[in-house]
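Keeping their order, the protein sequence lines are chains S and Z. Residue numbering for the first sequence follows our numbering, beginning at 4 and increasing consecutively. Residue numbering for the second sequence follows our numbering, beginning at 60 and increasing consecutively.
Any given hint could be a false lead.
Partner residues aside, some chain Z positions facing chain S, computed with beta carbon under 7 angstroms [what the hints assert, rightly or not]: (1) Pro62; (2) Thr77; (3) Gly129; (4) Ile158; (5) Ser161; (6) Ile165.
To be clear about the criterion: a stretch of chain Z counts as covered by chain S if any three or more of its residues have a C-beta under 8 angstroms from a C-beta of chain S, and this derived list gives those stretches [claimed, not checked]: (7) 118 to 128; (8) 131 to 144; (9) 171 to 185.
Please keep in mind that the hints were generated in silico from the structure rather than gathered at the bench. Just so it is clear, CB atoms sit at the ideal spot from N, CA and C, and this is done for glycine as well.
Here is what each chain is made of, one letter per residue.
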Amino acid sequence: MPDPQSIGTLQLKQPGYTFFGGNPAGQVGHLLSNVIGFITLIAGLAFLFYFMIGSINWITSAGDTTKAQKARSTLTNALIGLVISVIAYPLVFVLGQVFGIPFTKPKELINSLIF
Amino acid sequence: MPPIIPPEPREPVPQSATDLKKFFGTFKAPQNIQAYGEDPSGLIRLFNNILRVALFASGIFALINLIISGIQYIGSSGNPDITKQASSRIWMSLLGLVIAASSLVIAGIIGFVFFGDPLAIINPSIYGPGS
Chain S
4 MPDPQSIGTL QLKQPGYTFF GGNPAGQVGH LLSNVIGFIT LIAGLAFLFY
54 FMIGSINWIT SAGDTTKAQK ARSTLTNALI GLVISVIAYP LVFVLGQVFG
104 IPFTKPKELI NSLIF
Chain Z
60 MPPIIPPEPR EPVPQSATDL KKFFGTFKAP QNIQAYGEDP SGLIRLFNNI
110 LRVALFASGI FALINLIISG IQYIGSSGNP DITKQASSRI WMSLLGLVIA
160 ASSLVIAGII GFVFFGDPLA IINPSIYGPG S
């Protein structure tokens, strides 16, 4: 009867491949980190773009109340969306801490699986 | 008249468990999952791993969904349909995340209420022949 054992820290067979670090569990963490960082970056750029568009619309509304209202809602929605995108990570982190499940550390999960 | 060729004798159909074992032979578990094979509690370990991976996957999926709904909100530019869609996506992601994260707590509470032991569902004792 084999003892249950964690797979521990894995090592890659080819030592030369260190794009995400030598540890495959760390690679998953790095991959998710890159994906989430990239999406957050897209959110930031989209915020910049839509904020500019909204402000230009407001400038060119020239006293037209409906146009100004539309530009205003563009600005507020862009701001709300940016806040949601940025707050998502700390929110998930806090929820994981409250319920005792570290969602934001997949490396620990992979290293604690039993094989 | 040509001679009648008798049919070749076929392997007897396996009847009992030992015959089946002889028929199929014995398998060895793959190298890296020894802990699942030669031990009755291997299935429990497999379910344990699946549960943990599913829990973490739900958390990471909720995180990515939240960020994408934020992008949707940014791009709505005052269109009430897209705003409504994005906000319902945010609330549903949050609700699912809370349910997934608190599932173990809920299981503990249900076990405490109905069986008098918080670990009744999470860490059940399995009775079977021989134990």
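Against the structure, the hints:
no.: 1; hint: Pro62; in the structure: 59 angstroms, violated
no.: 2; hint: Thr77; in the structure: 23 angstroms, violated
no.: 3; hint: Gly129; in the structure: 3 angstroms, holds
no.: 4; hint: Ile158; in the structure: 10 angstroms, violated
no.: 5; hint: Ser161; in the structure: 6 angstroms, holds
no.: 6; hint: Ile165; in the structure: 10 angstroms, violated
no.: 7; hint: 118 to 128; in the structure: holds (count 9)
no.: 8; hint: 131 to 144; in the structure: holds (count 8)
no.: 9; hint: 171 to 185; in the structure: violated (count 0)
Of the numbered hints given earlier, the model fails hints 1, 2, 4, 6, 9; all others are met.
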